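Enquirer: Sequence:
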Amino acid sequence: MPIDIEFECLRIGEDTDHNVVLGLDPLKRLQAQLVEVDTNKNFLSLPIIPYSNEDYFQRLSTVLEIALTGHEVDWQSAPVLILLPEQEGLDDEYYQRLFSNLCQAAPALTFHSECYLFPYGNNALIFAWRHLEHLLHEQKAPYVWILAIDSDPRLSQRLSVNEQNNDAWLPSGIAAESVILVKVSISGSGLIRNWFTHEVQNKDIAKNNVIESVFERYSKEYAKGVQQFYAPYNGNSERVKEWANAYHLLYPFVGTRTQVVMTGAVTGELGACSGLYNLLHLYTRYQRGDYLHSTLQLEISKKQYRGAASYAWHQ
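At position 4 of the sequence shown the residue is numbered -13 (the working numbering), and the sequence of numbers has no breaks.
Simulated from the structure, these hints should not be mistaken for lab results.
There is no bait here: all hints are sound.
Derived SDA-like pairs: lysine to any residue, alpha-carbon spacing no greater than 20 Å straight-line:
1. 207 <-> 231
2. 207 <-> 181
3. 166 <-> 59
4. 224 <-> 241
5. 224 <-> 181
6. 207 <-> 179
7. 286 <-> 39
8. 203 <-> 231
9. 286 <-> 181
10. 166 <-> -16
11. 166 <-> 98
12. 224 <-> 156
13. 203 <-> 181
For clarity, every value in this text was computed on a predicted model and none was experimentally measured.
Starting from the given sequences, assemble the full structure and let the hints guide the process.
Expert: Printed below as a string of structure tokens:
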């Protein structure tokens, strides 16, 4: 089932130029700025709004409102899939509050009859694939909106208790803020998702073992050569080790001709926007003819979700 993706909003930090955000402009790239919290704490960032003492939930609402300014989105025209930051344990109260705040920026979502939340952080898109395809293929929706939003908690002084206790973000390089909104529809030609899988990391299972399971499943279930491998990287060496230590399990489907793509080196940690951003990154390169063969996308969420998907282009 080939799909077509139409961009409505693509923003990382202050940049909205699709060519810059997706790394297609050879002369321009995302430029991180230094945030100085105090004399002992500073970090590089790509914020949509300045570092502030806003409540984290309110900040996300403000970020969404600013990002969508100037965009006339007919939310009621199609189902909406919302990709959200990960919260361990899927706390209903947490997500009710988060969704309520987002509805301040997009009131039409409040009473939307087909609004679906995927609170799985970096893996939100991969978890959403099955439902996306169900809406397009089984329910015959003419198209589906996909909205992704995330903000590195370091950009907000007033963090929730859970975010204060979470140090998973701290080693990451660039503190990024991003909003992506696209319209996905079935097409005669376009991107094809050939395979996908996802796993939940249990405390009793080593992280490396989960990635090993993902790679072994690819080798058994799909077993196709990988021309491009989208690998997670956010400045945190532990995240790289998690997949690098298991990479050999993809042999002989990866090799010297496999291009390893780590978009996070430029964008920083995109969280819930990561999966969709990487999808757009590879989608545009297939469109341009830069990619010709199979691509494998791996996503590692900051807490407990891991997943992968394989793509190709159908003319």
